[in-house]
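Trainee: Knowing the structure of chain A, use the given hints to seat chains B, C, D and E on it.
Spelled out from the first residue to the last, the chains are:
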Amino acid sequence: MDIATVLGIVAGIVLIASAIILGGNPIIFWNLPSVLIVIGGTIATTFIKFPLSSIFSTFKVVKKAFFQNPLSPEKIISEIVELAKKARKESILALEKVEISDPFLKRGIQLAVDGVDPALIREILDTEINFRKARHKEGQKIFKGMGASAPAFGMIGTLIGLVQMLTKMQDPKSIGPAMAVAILTTLYGALLANLVFLPIADKLELRSEKEILIMQMMVEGVLSILAGDNPNIIEQKLISFISPKLRELVVKEKK
Amino acid sequence: MDIATVLGIVAGIVLIASAIILGGNPIIFWNLPSVLIVIGGTIATTFIKFPLSSIFSTFKVVKKAFFQNPLSPEKIISEIVELAKKARKESILALEKVEISDPFLKRGIQLAVDGVDPALIREILDTEINFRKARHKEGQKIFKGMGASAPAFGMIGTLIGLVQMLTKMQDPKSIGPAMAVAILTTLYGALLANLVFLPIADKLELRSEKEILIMQMMVEGVLSILAGDNPNIIEQKLISFISPKLRELVVKEKK
Amino acid sequence: MDIATVLGIVAGIVLIASAIILGGNPIIFWNLPSVLIVIGGTIATTFIKFPLSSIFSTFKVVKKAFFQNPLSPEKIISEIVELAKKARKESILALEKVEISDPFLKRGIQLAVDGVDPALIREILDTEINFRKARHKEGQKIFKGMGASAPAFGMIGTLIGLVQMLTKMQDPKSIGPAMAVAILTTLYGALLANLVFLPIADKLELRSEKEILIMQMMVEGVLSILAGDNPNIIEQKLISFISPKLRELVVKEKK
Amino acid sequence: MDIATVLGIVAGIVLIASAIILGGNPIIFWNLPSVLIVIGGTIATTFIKFPLSSIFSTFKVVKKAFFQNPLSPEKIISEIVELAKKARKESILALEKVEISDPFLKRGIQLAVDGVDPALIREILDTEINFRKARHKEGQKIFKGMGASAPAFGMIGTLIGLVQMLTKMQDPKSIGPAMAVAILTTLYGALLANLVFLPIADKLELRSEKEILIMQMMVEGVLSILAGDNPNIIEQKLISFISPKLRELVVKEKK
Amino acid sequence: MDIATVLGIVAGIVLIASAIILGGNPIIFWNLPSVLIVIGGTIATTFIKFPLSSIFSTFKVVKKAFFQNPLSPEKIISEIVELAKKARKESILALEKVEISDPFLKRGIQLAVDGVDPALIREILDTEINFRKARHKEGQKIFKGMGASAPAFGMIGTLIGLVQMLTKMQDPKSIGPAMAVAILTTLYGALLANLVFLPIADKLELRSEKEILIMQMMVEGVLSILAGDNPNIIEQKLISFISPKLRELVVKEKK
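Residue numbers (the working numbering), protein chains in the order written: chain A, 5 to 259; chain B, 5 to 259; chain C, 5 to 259; chain D, 5 to 259; chain E, 5 to 259.
The following block holds chain A by itself, in its conformation from the complex (with noise of 0.2 Å):
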């Protein structure tokens, strides 16, 4: 898991937190009908526009750009080169037994062994990655939906209060608390978006075009090994997918 990302969760929950409590009787923050109203008015818009299974497998894929670490790229393209170095000893065939980390690649390395045409596997694994890239852009746009949705129904909940307060407007006293329930659920839908979905949805985004570039690497990985090229060639075109710095991180772990 990320340490920036613990970090500004614990931070952002702390600070609220503290300035709630400063501020005096922490309890007037919790009122169940906005609850109600701005989680369910979410929920209820999401289920809407999205069908279910897209709902739960991007429920999925969060859980993994939050607690799993990414593939390293270093790691990987060690990895690659190793194989490389393997089939050009050996044969192509000798790959089918290595154990390989990631899926995708074992799948593209099971394509080189069983004597698909480079192009056909480059056309497999490209469809493969654009589904994969798709799947993204559909999380993203569920999460984007949700913080838009929540502000919305933060500002409906207070209308709802707002016109339950001005028809009994009699007792004056009762005006205060009233008001502060119903300005409550545009808190609330405010919290939600800004502190968990916007910035979920731009962390997938992040995620995503890392994975993806991976996959590309993987692809080029695949068909060099395929084509017979020398390991160190397939290695300096492996780098260039990567940072400066990572790059000097491979040179490391060669030596």
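It is possible that part of the hints are untrue.
Identical copies carry no separate label here, and so any pair may be met within one copy or between two of them.
[What the hints assert, rightly or not] Distance condition first, Cα-Cα at most 30 Å in a straight line; then the derived DSBU-like pairs of lysine-lysine: (1) Lys89 <-> Lys79; (2) Lys249 <-> Lys101; (3) Lys137 <-> Lys79; (4) Lys110 <-> Lys93; (5) Lys90 <-> Lys214; (6) Lys148 <-> Lys67; (7) Lys67 <-> Lys249; (8) Lys241 <-> Lys145; (9) Lys141 <-> Lys241; (10) Lys67 <-> Lys90; (11) Lys145 <-> Lys177; (12) Lys79 <-> Lys148; (13) Lys148 <-> Lys177; (14) Lys145 <-> Lys172; (15) Lys141 <-> Lys64.
If you're looking for bench data, these hints aren't it; they were derived computationally from the structure.
Note that the structure is predicted; figures quoted are calculated from it, not measured.
Mentor: Then chains B, C, D and E, alone, in the frame of chain A:
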């Protein structure tokens, strides 16, 4: 009908309704002039913007999107593969008498049976797809437009209510209820936009994408049958149009 | 004139007016300074942004878009097919004396009769289409600009009214009516933008798309006639420019 | 100077001023701190964002856009046609001594006279056009940025005023005027953005498009002269750059 | 450091500060919980969205953008021309010992000296440029994200303050100051976004464009040197990368 959509609509209505009922007399949330301004104003602008025929055909599309199940790509693939087998065993002319579920696929097969040139078949079917796409786009545009108009007329209604309230402010007791009524219009506009118009627009977009993809798959299928391709190869080709999960379904169905 | 447009305008005015009248004295909704600020400010910014000639020619385009029926593509197709038949039976020179309804089509036929090179005809007519398109775009831009300016000046007027009201707040009784007047400007701006300027901009966009499509169809028609194509083939070609529904109309008309 | 611009600016000022004067003492609309915050804040952010040189050169561009008439394309066409005639009758070298009104056209002719290769002339002049375009874009960016900053600092000023007012609310009589002053800042920001910065940005965009089009026309003209084209053909070529209405002017001028 | 930037920052602070001091006791504008919510919330979301390494490297980029003068393109051109002269007189190997100011140019020259293939040099340097560009983009994204988060958390803080104030409204005298404190958070958010985060994001964008342009110029220079081009022609080539004004500087420097 989509289970998620039903869940979403029911949940949305129940949550908003319960929040209203928990707060007291729900009658205060009904105001005819507010309904007239929001719904009337939204319909009026839609009529000014779009030709009558587009508006009516859009409502048919919406009905279809919500109450009719989308075409299942794995069934369409099986159907095309069956057609390909029959065409190979007997002749392409034998397809004339086969019953075909989808009218678009039927038209494509008919063109192939009639001996039309493959390039022309592709052109005719692509033109058809483009018009379908354009009609879908227009439908999404209409609902997005309504999702923008409803909050605008909600605000207009609230402004009208405020002006009326403020000019007869002699009786301070009447201010509260009058203001409540004024705010209702904004509430109506926000609810309609966020719970109805915008989710429908998004849903239409997703449905359109799926429908167009299946139509493109059918075009490939018809042309492959006409080219006399091996049914297995046709299946491999068409499968690349669908997601990995659905592919497993096709494989299972086949066995 | 579009029936939908008439319905929309009448319905919009009736609904807003009835909501105002139901609420009491409608005179309170009239305030000259507010009208001056909103309409005046919107016109002023439009004059600063666009040259005089563009503004005047846009109003002509609007008048045409609302009061003149658009060209009917099925009639234009019949007309072109008739021309093609005549050109085949007699000679292309015979088209010189045929009366042609649309000036753009007429110009194209004249160029063909004059023996201008087909490539040059296409270039000349395409340039014409591009200028028509650019003029339409500018018209839409002007109305979108007014749709953005009107609410802005509505807010400016309300701010002016609020400042005036707040500085002479000694008499609490006068606050209500003064504030009502201040709010009126915002109401005017919102009504103008949402019921007039923005729907017109959208309408112009739709009309422009249709007009340009028909012009492109005419170019194809003229060049096909010049190439001496079979009238039936010309009809097939032109029909692909229009929607499936309209195609049936053409077929019926032909019989 | 554009008549429409003059009309727009005068009308805008007169309307806002009359609405203010009709409402009573106009002095209440002047507040120095508000002016400082809005104008100062807008200028400050502009200085942080853009280099000094860009800001100054932009103001020169604005002055030119408002006080200098744009190049008239029909006169430029006549001038180029005259040059083409002279080059044909005498020789291209004869153009060296002809007085040429526009410096860009002059530079192009000079390059042609110097015997530079046509491909290189086009490259040199296109580079020039691209830099002009980039400078224009930067000018529009600066004014759009000011149009976004002014309302933001208007709101900031109002918030500052509100905080000051609310902390000394012991005297209820002073609330009104203090709040009026606070609101003034928002008014200033809205007026500056909607009546000054945003219209100027739009105006600059339109002017830039026209200027660039004329420069592109000049490049074609210079290269046609160098190629020894017939002056009539050159005229036909250049005319396609301008609108149909202007074309009639060229034809008249010629007669 | 940019003079305009210094002027802008000083002016912005002085103006806001003077407006605050003119209005009375500036202490009322300080509130620790508000600071915690706005700055804390903004930092927290930034940490959730972006990996730690990107955030830190962005702050280095900002420091460089504000405190380090950008590369002067005219000096780089002179340097490259000098290198070209030396390479022509002696040999390309003679460049190995020349001191080169910019590390990117140095790397390019080193590759040329090492006899790497020109196509490969271009590919290696272009990859480098693309990574630089991506890093710059990420920096701008981080600051734009902070410019969007700050006002959102400003609003969240104000909502928290309002809820707290409204629930203990028994003492009317305390309403004013409590509301003032609530509004402060919105003020902080607006100031941070409009005076700090958004201008920095814009500044970074401009700086990035300039830096990338110079890097592209260096690539051209290195390849021209390797091709053995005439130093004068190299100068002409590189000059086309810079604006006409800077070109005059190069010409002067040369004399």
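Trainee: State for each hint whether it applies.
Mentor: Hint check:
1. With identical chains, the CA atoms of lysine 89 and lysine 79 are at most 30 Å apart within one copy only, with a shortest distance of 15 Å there and 45 Å across copies.
2. In this homomeric assembly, lysine 249 and lysine 101 come within 30 Å of each other (Cα to Cα) only across copies, at 26 Å, whereas the closest approach inside a single copy is 33 Å.
3. In this assembly of identical chains, lysine 137 and lysine 79 lie within 30 Å of each other by CA distance both inside one copy and across copies; the values are 22 Å within and 25 Å between.
4. In this assembly of identical chains, lysine 110 and lysine 93 lie within 30 Å of each other by CA distance solely inside one copy; the values are 20 Å within and 38 Å between copies.
5. Taking identical chains as interchangeable, the C-alpha atoms of lysine 90 and lysine 214 lie at most 30 Å apart only when both belong to the same chain, with a minimum of 28 Å there against 44 Å between chains.
6. Proximity of lysine 148 to lysine 67 under the C-alpha cut-off of 30 Å is found in both arrangements, the shortest distances being 17 Å within a copy and 26 Å between copies.
7. In this assembly of identical chains, lysine 67 and lysine 249 lie within 30 Å of each other by CA distance both inside one copy and across copies; the values are 28 Å within and 20 Å between.
8. Proximity of lysine 241 and lysine 145 under a CA criterion of 30 Å is satisfied inter-copy only: 29 Å between copies versus 34 Å inside one chain copy.
9. Taking identical chains as interchangeable, the C-alpha atoms of lysine 141 and lysine 241 lie at most 30 Å apart whether they share a chain (28 Å) or sit on different chains (24 Å).
10. In this homomeric assembly, lysine 67 and lysine 90 never come within 30 Å of each other (Cα to Cα): the closest approach is 36 Å inside a single copy and 47 Å across copies.
11. Neither within a single protomer nor between protomers do lysine 145 and lysine 177 lie at most 30 Å apart by alpha-carbon distance, with minima of 45 Å and 47 Å respectively.
12. Taking the closest pair of Cα atoms, lysine 79 and lysine 148 never come within 30 Å of each other, the shortest separation being 33 Å inside a single copy and 33 Å across copies.
13. Neither within a single protomer nor between protomers do lysine 148 and lysine 177 lie at most 30 Å apart by alpha-carbon distance, with minima of 40 Å and 43 Å respectively.
14. Neither within a single protomer nor between protomers do lysine 145 and lysine 172 lie at most 30 Å apart by alpha-carbon distance, with minima of 41 Å and 41 Å respectively.
15. For the homomeric pair lysine 141 and lysine 64, the shortest alpha-carbon distances inside one copy (14 Å) and between copies (29 Å) are both at most 30 Å.
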